[in-house]
Amino acid sequence: QQQVRQSPQSLTVWEGETAILNCSYEDSTFDYFPWYWQFPRESPALLIAIRPVSNKKEDGRFTIFFNKREKKLSLHITDSQPGDSATYFCAAQNNYAQGLTFGLGTRVSVFP
Amino acid sequence: GALVYQYPRRTICKSGTSMRMECQAVGFQATSVAWYRQSPQKTFELIALSTVNSAIKYEQNFTQEKFPISHPNLSFSSMTVLNAYLEDRGLYLCGARDWGSSAETLYFGSGTRLTVL
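Chains as they are written, first to last, in my numbering: chain A, 1 to 112; chain B, 1001 to 1117.
Rather than coming from a laboratory, the hints here were simulated on the basis of the structure.
These figures come from a predicted structure and were not determined experimentally.
Hints may contain errors.
Across the chosen pairs, the derived CB separations fall in these ranges [to be verified]:
hint	chain 1	residue 1	chain 2	residue 2	range
1	A	Glu-70	B	Gln-1041	26 to 34 Å
2	B	Thr-1105	A	Ser-28	36 to 44 Å
3	A	Gly-60	B	Gly-1016	45 to 53 Å
4	B	Gln-1060	A	Ala-45	24 to 32 Å
5	A	Ser-109	B	Pro-1040	14 to 22 Å
6	A	Arg-5	B	Pro-1040	18 to 26 Å
Computed list of lysine to aspartate or glutamate pairs in DMTMM-like fashion (alpha-carbon distance at most 25 Å, straight line) [claimed, not checked]:
hint	chain 1	residue 1	chain 2	residue 2
7	A	Lys-71	A	Glu-42
8	A	Lys-72	A	Asp-59
9	B	Lys-1042	A	Glu-42
10	A	Lys-72	B	Asp-1088
11	B	Lys-1042	A	Asp-59
12	A	Lys-56	A	Glu-70
13	A	Lys-71	B	Asp-1088
14	B	Lys-1042	A	Asp-84
15	B	Lys-1042	A	Glu-58
16	A	Lys-57	A	Glu-17
17	B	Lys-1057	A	Glu-70
18	A	Lys-56	A	Glu-42
19	B	Lys-1042	B	Asp-1088
20	A	Lys-57	B	Asp-1098
21	B	Lys-1057	A	Glu-17
22	A	Lys-68	A	Glu-42
23	A	Lys-68	A	Glu-26
24	B	Lys-1057	A	Asp-31
Glycine included, every Cβ here is placed at the ideal spot set by N, Cα and C.
Throw the hints in and build the complete structure from the sequences for me.
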């Protein structure tokens, strides 16, 4: 069973629109949720992360909204740019495992 | 800043042979190193988690006999893929973190893309 689920699998938006990427998880002991983005032929890089003590984390055009009760979170990309086109991975971790569990990713395409 | 160098970037090996990949942390202490595999059309599978001075923990479907890992100090880790076959193809990533610090970020190396002929 996939511990971290992402939707949609792929997403296309026009430049300037807001892209919304969804993520949900099963394990209630997860306490750290980073989002990574990966460009073609590159390794993933940390984009933004949140801990459950907050329900929102903002960094420029990227915002995470977190709902601990429903075990859901979403990444909003406002004023999307063509350079934001990448695959975005939601990940989760708890203190005990130390390793990250990744979702299957959402491929975002931003057209000018 | 924190950097993780991983090499080789890509490698091709014959079926049944072995290949080794290495990971070097620069600018921080890699007390914890996680090795992942990203197969075509799949997400990142955690192979094993290595913490200095602790036993290496392998995930289900991955074994030390197939993927032996060395983590001798706070800046270096290596993993070997023994007897590689087609199903071992993919992008192998090392992710390193200074677990003892307040930093939670897992820094990834550039990856080693393995092709098996």
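For which of the previously enumerated hints does the structure constitute a violation, in increasing order of number?
2, 7, 10, 11, 13, 15, 17, 18, 21, 22
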